[in-house]
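If you're matching them up, the sequences are chains B and P in order.
Those letters in the first sequence? Residues 1 to 415, per the working numbering, in order.
Those letters in the second sequence? Residues 1 to 84, per the working numbering, in order.
It should be emphasised that the hints constitute simulated quantities derived from the structure, not laboratory data.
Only a predicted model underlies this, so the values are computations on that prediction, with no experimental measurement involved.
Be aware that one or more of the hints could be misleading.
[To be verified] In silico lysine-lysine, DSSO-like type, Cα no more than 27 Å apart, as pairs:
no.: 1; chain 1: P; residue 1: Lys14; chain 2: B; residue 2: Lys159
no.: 2; chain 1: B; residue 1: Lys56; chain 2: B; residue 2: Lys67
no.: 3; chain 1: B; residue 1: Lys246; chain 2: B; residue 2: Lys158
no.: 4; chain 1: B; residue 1: Lys219; chain 2: B; residue 2: Lys56
no.: 5; chain 1: B; residue 1: Lys51; chain 2: P; residue 2: Lys14
no.: 6; chain 1: B; residue 1: Lys158; chain 2: B; residue 2: Lys67
no.: 7; chain 1: B; residue 1: Lys56; chain 2: P; residue 2: Lys14
no.: 8; chain 1: P; residue 1: Lys53; chain 2: B; residue 2: Lys87
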Amino acid sequence: MDRVILHCDANSFYASVECLYHPELRDRPVAVSGDAQARHGIILTKNQLAKRFGVKTGEAIWQAKQKCPELVCLPPDFSLYVRFSQKMRRIYEQYSPRVESFGLDEAWIDLSNPGVSFADGVRTAGELRARIREELGITVSVGVSFNKIFAKLGSDMKKPDATTAIPRDRFREIVWPLPVGELLFVGPSTRRRLARLNVTTIGDLARCDPALLQRHLGKNGLLLCAYANGEDVSPVMPADERMAIKSIGNSTTPPHDLTCEDDARCIFTLLAESVAARLRAEGLRARCVSISARTTDLVTGSCQCMLARPTSLTGEIAQAALRLFDGRFSGHFPYRSVGLNCSHLTPDDMPVQLDFTGDEERRMHMEQLERSIDDLRRRFGHQVVQRGIVLRDAECARINPVEDHTIHPVPFYAG
Amino acid sequence: MPERRESDRKIYVKVRADFTLDGRIIPLMLRPEDGPACRIDRILDVREASSLKAGGQGSRYTCRVGERTVLLFHDEPYWFIEGE
Numbered sequence: 001m002d003r004v005i006l007h008c009d010a011n012s013f014y015a016s017v018e019c020l021y022h023p024e025l026r027d028r029p030v031a032v033s034g035d036a037q038a039r040h041g042i043i044l045t046k047n048q049l050a051k052r053f054g055v056k057t058g059e060a061i062w063q064a065k066q067k068c069p070e071l072v073c074l075p076p077d078f079s080l081y082v083r084f085s086q087k088m089r090r091i092y093e094q095y096s097p098r099v100e101s102f103g104l105d106e107a108w109i110d111l112s113n114p115g116v117s118f119a120d121g122v123r124t125a126g127e128l129r130a131r132i133r134e135e136l137g138i139t140v141s142v143g144v145s146f147n148k149i150f151a152k153l154g155s156d157m158k159k160p161d162a163t164t165a166i167p168r169d170r171f172r173e174i175v176w177p178l179p180v181g182e183l184l185f186v187g188p189s190t191r192r193r194l195a196r197l198n199v200t201t202i203g204d205l206a207r208c209d210p211a212l213l214q215r216h217l218g219k220n221g222l223l224l225c226a227y228a229n230g231e232d233v234s235p236v237m238p239a240d241e242r243m244a245i246k247s248i249g250n251s252t253t254p255p256h257d258l259t260c261e262d263d264a265r266c267i268f269t270l271l272a273e274s275v276a277a278r279l280r281a282e283g284l285r286a287r288c289v290s291i292s293a294r295t296t297d298l299v300t301g302s303c304q305c306m307l308a309r310p311t312s313l314t315g316e317i318a319q320a321a322l323r324l325f326d327g328r329f330s331g332h333f334p335y336r337s338v339g340l341n342c343s344h345l346t347p348d349d350m351p352v353q354l355d356f357t358g359d360e361e362r363r364m365h366m367e368q369l370e371r372s373i374d375d376l377r378r379r380f381g382h383q384v385v386q387r388g389i390v391l392r393d394a395e396c397a398r399i400n401p402v403e404d405h406t407i408h409p410v411p412f413y414a415g
Numbered sequence: 001m002p003e004r005r006e007s008d009r010k011i012y013v014k015v016r017a018d019f020t021l022d023g024r025i026i027p028l029m030l031r032p033e034d035g036p037a038c039r040i041d042r043i044l045d046v047r048e049a050s051s052l053k054a055g056g057q058g059s060r061y062t063c064r065v066g067e068r069t070v071l072l073f074h075d076e077p078y079w080f081i082e083g084e
């Protein structure tokens with residue numbers, strides 16, 4: 001029996017919530033944008049009216065205002081959006097326990113059950129849309145299909161507040177004529193590579209020789225070909241079964257560019273502190289540290305290294321990050337933003353091979369010390385204890401990477 | 001604490017309420033910042049709803065206040081009614 005999967009996508013989510021709370025702005029072009037003073041001045045989302053003026057997500061506020069001088073830019077209120085996201089999820093969970101969030105504004109719902117037909121799925125989609133419109137005052141577009149990929153594709157096809165059904169017996173006529181870039185995981189780079197193989201629509205991809213795709217795109221080629229043929233079998237992860245965390249990372253665009261090694265040392269220490277604190281909070285240790293840096297021309301580079309022992313210590317993570325930075329990036333200042341990511345995670349109660357150098361005791365002491373700092377910060381606020389190195393830069397010392405905007409879409413791939 | 005979101009047709013109110021043993025909140029009186037207190041005679045309906053008019057969302061209590069029906073919203077942690 002085919003599955004019945006819904007994908008719900010809240011239309012212009014941040015902007016819709018803002019317009020709900022600002023009735024006077026509802027008939028005007030509105031965008032939610034980052035803080036221009038803190039150099040995060042890009043459009044995060046825009047309403048339908050702003051869209052009509054050609055305002056795009058990710059562009060700078062000044063670019064958007066050139067296209068639409070009357071554009072009203074509002075600062076984001078992430079705690080409000082998180083609340084709305086939770087409310088949406090509570091509604092979804094009334095229909096099925098198998099709800100998988102994808103960011104704050106999207107979710108898959110697996111309605112499959114004996115006796116639930118595809119038509120029931122379409123009916124539920126309509127009911128969900130009406131409930132979210134009336135109860136939350138925003139709108140969602142829903143895709144109904146027999147797998148997650150097509151359900152997601154469906155929710156993108158008609159906006160706002162619409163249902164798109166892609167049943168198995170009609171997916172070729174609905175999906176195949178669409179540009180291949182519409183498919184989840186086909187980004188600009190994959191699209192360009194596919195174009196070189198004369199693959200421009202999803203249908204082209206479906207009919208393409210899998211061996212050829214594998215040669216050019218590796219394993220991903222086979223995966224995308226299967227998706228195009230409606231063969232995605234990935235499950236919707238049940239609500240109470242959190243996906244294992246694959247990595248923990250933080251990136252930041254500091255208030256001013258990084259122009260010297262001391263700046264880099266300060267920011268990477270801050271990021272390492274935040275990442276290490278989150279590792280400890282999750283009961284994890286990491287074996288791999290990777291960093292990324294973006295120049296003022298917006299060119300991004302990244303590199304990674306393996307650690308000898310899994311760690312959740314700020315010092316060890318910061319040291320690894322700075323070694324990587326010195327090796328790859330230090331000659332090319334200035335940098336606009338940097339990121340630090342820890343992966344190859346293991347539980348912190350997993351036995352580790354000790355060595356004879358005998359610094360394990362020191363590491364344990366460090367961990368106890370850092371846990372005490374975590375506790376102090378939890379009780380009295382992040383700024384209550386600070387490292388000396390971050391005090392050399394008053395602006396950076398105010399950054400709190402743990403709490404300043406950490407919203408992580410759950411990764412799609414299972415396993 | 002989330003910020004209060006003002007709008008022209010939104011009137012924040014003080015509320016006196018019963019917190020029942022089963023976790024429900026039953027508003028008994030409401031009072032706008034610069035107005036008289038009004039007794040809520042009856043609650044006709046409670047549901048999650050948005051207020052497009054005032055701009056907000058939360059638990060909506062449809063209340064009988066004298067001869068009038070008042071929509072009272074609990075947009076946590078604030079309470080508001082829709083203005084004219």
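Verification of the hints:
1. Lys14/P to Lys159/B: 39 Å, violated
2. Lys56/B to Lys67/B: Given pair Lys56/B, Lys67/B holds - Cα atoms ~10 Å apart, limit 27 Å.
3. Lys246/B to Lys158/B: 33 Å, violated
4. Lys219/B to Lys56/B: 32 Å, violated
5. Lys51/B to Lys14/P: 40 Å, violated
6. Lys158/B to Lys67/B: Holds, at about 25 Å.
7. Lys56/B to Lys14/P: 42 Å, violated
8. Lys53/P to Lys87/B: The hint holds at about 21 Å.
Against the hints set out earlier in the document, violations occur for numbers 1, 3, 4, 5, 7.
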